[in-house]
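Visitor: Sequence:
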Amino acid sequence: MTDWSVVFLGVIAVSTLVMALIQVGAIVAMLKTVGEVQKTVGQVQKTIATVQEEVRPLIAKASAIADEAGRTAKLATLQAEKVDRLVTELTRRVDETAVVVQHAITTPAREAMAIVAAIKASLGALRGFRDYRGRPASGEDEDPLFIG
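Reminder that position 102 of the sequence shown reads as 914 in our numbering, one-by-one numbering, no gaps.
Worth flagging that the hints you see were computed from the coordinates, not collected in a lab.
Just so it is clear, the structure is predicted and the values come from calculations on it, not from any experiment.
Be a bit skeptical, because a hint or two may be false.
Simulated pairs of lysine-lysine, DSSO-like, Cα-Cα distance not exceeding 30 Å [said to hold, decoys possible]:
1) Lys886 <-> Lys873
2) Lys873 <-> Lys851
3) Lys858 <-> Lys873
Hey, can you work out the whole structure from these sequences and the hints?
Guide: In structure tokens, the structure reads:
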């Protein structure tokens, strides 16, 4: 073997040793990183579990509030329908009462107007009868300008 062969063989051996050391270092660094990741994952899982435990009662309360809101909305709808029926009935009765009051006022008023008209007609007839009785028989009362 020549000197150069030994030198190249030594360089190959040293480079193989350096590569092996780098791989071992990478494995050690990777194992350390994996341990830290596992620790972090464990902490995250604990935090998530804690948050879930804290959120469950809030979700239950929110669900209860939503249920109560639904019941309240249903009751409000029923009350609104009841008020609508009452207002409709009240309007109908007010209309009926207005018609009855109108008839109660207008019918006697018409009758009174008819009586007043009858009295006027009677008085007019009596005046006419009195005027007829008080007239002289001659044609002096007639209008002298009337051409007829």
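Visitor: Taking each numbered hint in turn, which are not upheld by the structure, reported in ascending numerical order?
Guide: 2
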